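2 protein chains.
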Amino acid sequence: VTRIALDASGGDFAPTNPVLGALSALEVLPESCEIVLIGPRAEVEAELRSQGEPPDRISVVDAPETIGMAEKPLSAVRSKKRSSIVLGLSMHKAGDVDAFISAGNTGAVMAASTLLLGLTDGVERPAIGAILPSVPDPVLLLDAGANVDCSAEELLGFAYLGAVYARDVLRRPAPRVGLLNIGEESEKGNAVAKEAHQLFRRSDHFTFAGNVEGSDILVNKCDVIACDGFVGNIVLKFYESTGRIFADLLKREVDPAILSGPGMGRVLRFLDYSEYGGAPLLGVRGISIICHGRSSPAAIKNAIRVAMQSVDSHLTQHIRDEFAEGGAVA
Amino acid sequence: VTRIALDASGGDFAPTNPVLGALSALEVLPESCEIVLIGPRAEVEAELRSQGEPPDRISVVDAPETIGMAEKPLSAVRSKKRSSIVLGLSMHKAGDVDAFISAGNTGAVMAASTLLLGLTDGVERPAIGAILPSVPDPVLLLDAGANVDCSAEELLGFAYLGAVYARDVLRRPAPRVGLLNIGEESEKGNAVAKEAHQLFRRSDHFTFAGNVEGSDILVNKCDVIACDGFVGNIVLKFYESTGRIFADLLKREVDPAILSGPGMGRVLRFLDYSEYGGAPLLGVRGISIICHGRSSPAAIKNAIRVAMQSVDSHLTQHIRDEFAEGGAVA
Chain Z
525 VTRIALDASG
535 GDFAPTNPVL
545 GALSALEVLP
555 ESCEIVLIGP
565 RAEVEAELRS
575 QGEPPDRISV
585 VDAPETIGMA
595 EKPLSAVRSK
605 KRSSIVLGLS
615 MHKAGDVDAF
625 ISAGNTGAVM
635 AASTLLLGLT
645 DGVERPAIGA
655 ILPSVPDPVL
665 LLDAGANVDC
675 SAEELLGFAY
685 LGAVYARDVL
695 RRPAPRVGLL
705 NIGEESEKGN
715 AVAKEAHQLF
725 RRSDHFTFAG
735 NVEGSDILVN
745 KCDVIACDGF
755 VGNIVLKFYE
765 STGRIFADLL
775 KREVDPAILS
785 GPGMGRVLRF
795 LDYSEYGGAP
805 LLGVRGISII
815 CHGRSSPAAI
825 KNAIRVAMQS
835 VDSHLTQHIR
845 DEFAEGGAVA
Chain F
525 VTRIALDASG
535 GDFAPTNPVL
545 GALSALEVLP
555 ESCEIVLIGP
565 RAEVEAELRS
575 QGEPPDRISV
585 VDAPETIGMA
595 EKPLSAVRSK
605 KRSSIVLGLS
615 MHKAGDVDAF
625 ISAGNTGAVM
635 AASTLLLGLT
645 DGVERPAIGA
655 ILPSVPDPVL
665 LLDAGANVDC
675 SAEELLGFAY
685 LGAVYARDVL
695 RRPAPRVGLL
705 NIGEESEKGN
715 AVAKEAHQLF
725 RRSDHFTFAG
735 NVEGSDILVN
745 KCDVIACDGF
755 VGNIVLKFYE
765 STGRIFADLL
775 KREVDPAILS
785 GPGMGRVLRF
795 LDYSEYGGAP
805 LLGVRGISII
815 CHGRSSPAAI
825 KNAIRVAMQS
835 VDSHLTQHIR
845 DEFAEGGAVA
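Chains Z and F, in that order, give the protein sequences. Per our numbering, residue 525 is the first one in the first sequence, and the count goes up by one each step. Per our numbering, residue 525 is the first one in the second sequence, and the count goes up by one each step.
Be aware that one or more of the hints could be misleading.
Copies of one chain are not kept apart here, so a pair can be met inside one copy or by any two copies together.
[Said to hold, decoys possible] Here are the computed lysine-lysine pairs in the DSS-like style, where the Cα-Cα straight-line distance is at most 25 Å:
{"hint": "1", "residue 1": "Lys596", "residue 2": "Lys617"}
{"hint": "2", "residue 1": "Lys745", "residue 2": "Lys761"}
{"hint": "3", "residue 1": "Lys605", "residue 2": "Lys718"}
{"hint": "4", "residue 1": "Lys712", "residue 2": "Lys745"}
{"hint": "5", "residue 1": "Lys617", "residue 2": "Lys605"}
{"hint": "6", "residue 1": "Lys761", "residue 2": "Lys596"}
{"hint": "7", "residue 1": "Lys745", "residue 2": "Lys775"}
{"hint": "8", "residue 1": "Lys617", "residue 2": "Lys745"}
{"hint": "9", "residue 1": "Lys718", "residue 2": "Lys745"}
{"hint": "10", "residue 1": "Lys761", "residue 2": "Lys617"}
{"hint": "11", "residue 1": "Lys712", "residue 2": "Lys596"}
{"hint": "12", "residue 1": "Lys718", "residue 2": "Lys617"}
{"hint": "13", "residue 1": "Lys718", "residue 2": "Lys596"}
{"hint": "14", "residue 1": "Lys617", "residue 2": "Lys775"}
No lab work stands behind these hints, which were simulated from the structure alone. As the structure is a computational prediction, the values presented were derived from the model and not from experiment.
Please construct the entire structure, taking both the sequences and the accompanying hints into account.
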């Protein structure tokens, strides 16, 4: 049995969207998958019952406290022991569940995951892995915002984490890892990027695809792109906004009705990162998945699917093994 | 009389596109504007004549040497004194022309501009200003790749440069300058961004729009966005690639014919940064405009128009005045 804990009080549309996402996930996931909703019991159970008789494979754990989206992460995690984030990750640490998913306060999920689950031996900093829609296959960009001011060794650690995730969850048997930079040549970039290029080139843990430029991100030049969280976060948020801009332009310049056609629905869905099931926090001892605060039920469902795949593929153990073999900073 | 020097041997389609761009610019620019084409004389004159009798307002200066797109900038500039880039900028320095435009080797144009024109007093590093298409008005992002590893003081210098350019050329009387960052709060970002936030806040040279995130770049939150050239270059090239990705998606998912409609032409043209007339190199003592190597005749024409506006508005002098009043690092 695989048990996934889902934060039912986190995000802009809780508990509705987590509950709907959990119910639709159970329809497609194997019988061995159970979901534990963590949130204010009365509220979560009311939402569940409003959808009919809850399936056996869903249970509720009461979390009377809520960490708000704008709260300071570290102090919130330290003071609200009975919040869904602290309770869910404590259950994961204790082995009562196999993964934790939240659309709540990103900083709080990061802080609580690091504090409660701990870091994998050899990992200096955990990284947020963002899936960017790309043709033909999505690409994993990390770090997408957990760390700024990274060293070259930390970027190498992100490459290790990304390569394991790409193998286990994205099903890329021989992941190509690129280093985000401003030119293809090894001598291009800022000081950290130049040093990282040499470390990446010498590593035998993954296939180094070389430096990738901004224009290479979406063109399948690699499976994983390593960068520091400052650049990664800006690229991610910028990309998220281009879909809206593009839709507005089409409405204005082509035809307001164009957006309601079936093909256009596929285009806009393609551009909607939330379809890809949340961002894994990699490098902690467990499976912790961060969803956007505005996640739809479909996005939550996809995150549950990704969590299942992460558990089934033994992601946590593979990351531990990867860093045990000499470590990223060898 | 305003004289614009145009590199007729730089770029992937020289001398054809520079020649066509110059001819069409003269059709719309005032009589007082003259264009000096700089390139291998025989080749440039043949191209000119193939378009009919050349107008009086076009002249050709022979530059028998060519700096290739892949050559090392500094050594090329030092060894090829009779290249279009070195000759054109030397003429600008001597006062024989009022501006220089090139679609050639970007690094060589930057190096030659800095060496030959010199830096404005008080400017620590020149910056490339990139115009990003945005709704309703384009936004100026700088630095777009001239400098990596910038200090907070250098970012403040970019803010000064951008604000003057926005006033003079983009016609924004009270430009709002944002600092590219990963959160709105002043304590967000890497070490340089945090320090820059404080410097920006204390400056009275421009209206500080606060930190802008990746998702804010295209939504008219400000007129100018300051960032270091590493992040700026990645964002710029990433944006350039999204137009192609969108077009491919539409062809695949909606209708292959969709791209040939008139409205769609406007959308794709909107997304084509080259429509905005090249990127000014700001902080050198003169007007130096860098165009993409693949610039169309229309892009060259727009760059000539921007160069004219830069001269007419006394951009160089205004930048000098801006830094004279205490300077960016006061």
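Between the shortest in-copy and the shortest cross-copy C-alpha distance, which are at most 25 Å for Lys718 and Lys745: within, between, both, or neither? within (20 Å within a copy, 33 Å between copies)
Within a copy, between copies, both or neither: where do Lys596 and Lys617 come within 25 Å Cα-Cα? The answer is within: 23 Å in one copy meets 25 Å, while 55 Å across copies does not.
Intra- versus inter-subunit Cα pairing at 25 Å for Lys718 with Lys596: Between. Shortest inter-copy distance 18 Å satisfies the 25 Å Cα cut-off; intra-copy 35 Å does not.
What label fits Lys761 with Lys617 when the C-alpha limit is 25 Å: within, between, both, or neither? neither (31 Å within a copy, 42 Å between copies)
Under a CA distance limit of 25 Å, which applies to Lys718 and Lys617: within one copy, between copies, both, or neither? neither (38 Å within a copy, 35 Å between copies)
Is it within, between, both, or neither for Lys605 and Lys718, if the alpha carbons may be no more than 25 Å apart? Neither: 43 Å inside a chain and 31 Å across chains, both beyond 25 Å.
At most 25 Å between alpha carbons: which applies to Lys712 and Lys745, within, between, both or neither? The answer is within: 18 Å in one copy meets 25 Å, while 31 Å across copies does not.
Check Lys617 against Lys605 for me: Cα-Cα at most 25 Å, and say if that holds within a copy, between copies, both or neither. Classified as within; 14 Å inside a copy, 68 Å across copies.
Between copies, within a copy, both or neither: which fits Lys761 and Lys596 at Cα up to 25 Å? This pair counts as within: shortest intra-copy Cα distance 21 Å, inter-copy 34 Å.
Between copies, within a copy, both or neither: which fits Lys617 and Lys745 at Cα up to 25 Å? Classified as neither; 37 Å inside a copy, 43 Å across copies.
With 25 Å as the alpha-carbon cut-off, assign the pair Lys745 and Lys775 to within, between, both or neither. between (32 Å within a copy, 21 Å between copies)
Quick one: Lys617 to Lys775, C-alpha cut-off 25 Å, is that within a copy, between copies, both, or neither? neither (49 Å within a copy, 48 Å between copies)
Hints 3, 8, 10, 12, 14 from the earlier list are contradicted by this structure; the remaining hints agree with it.
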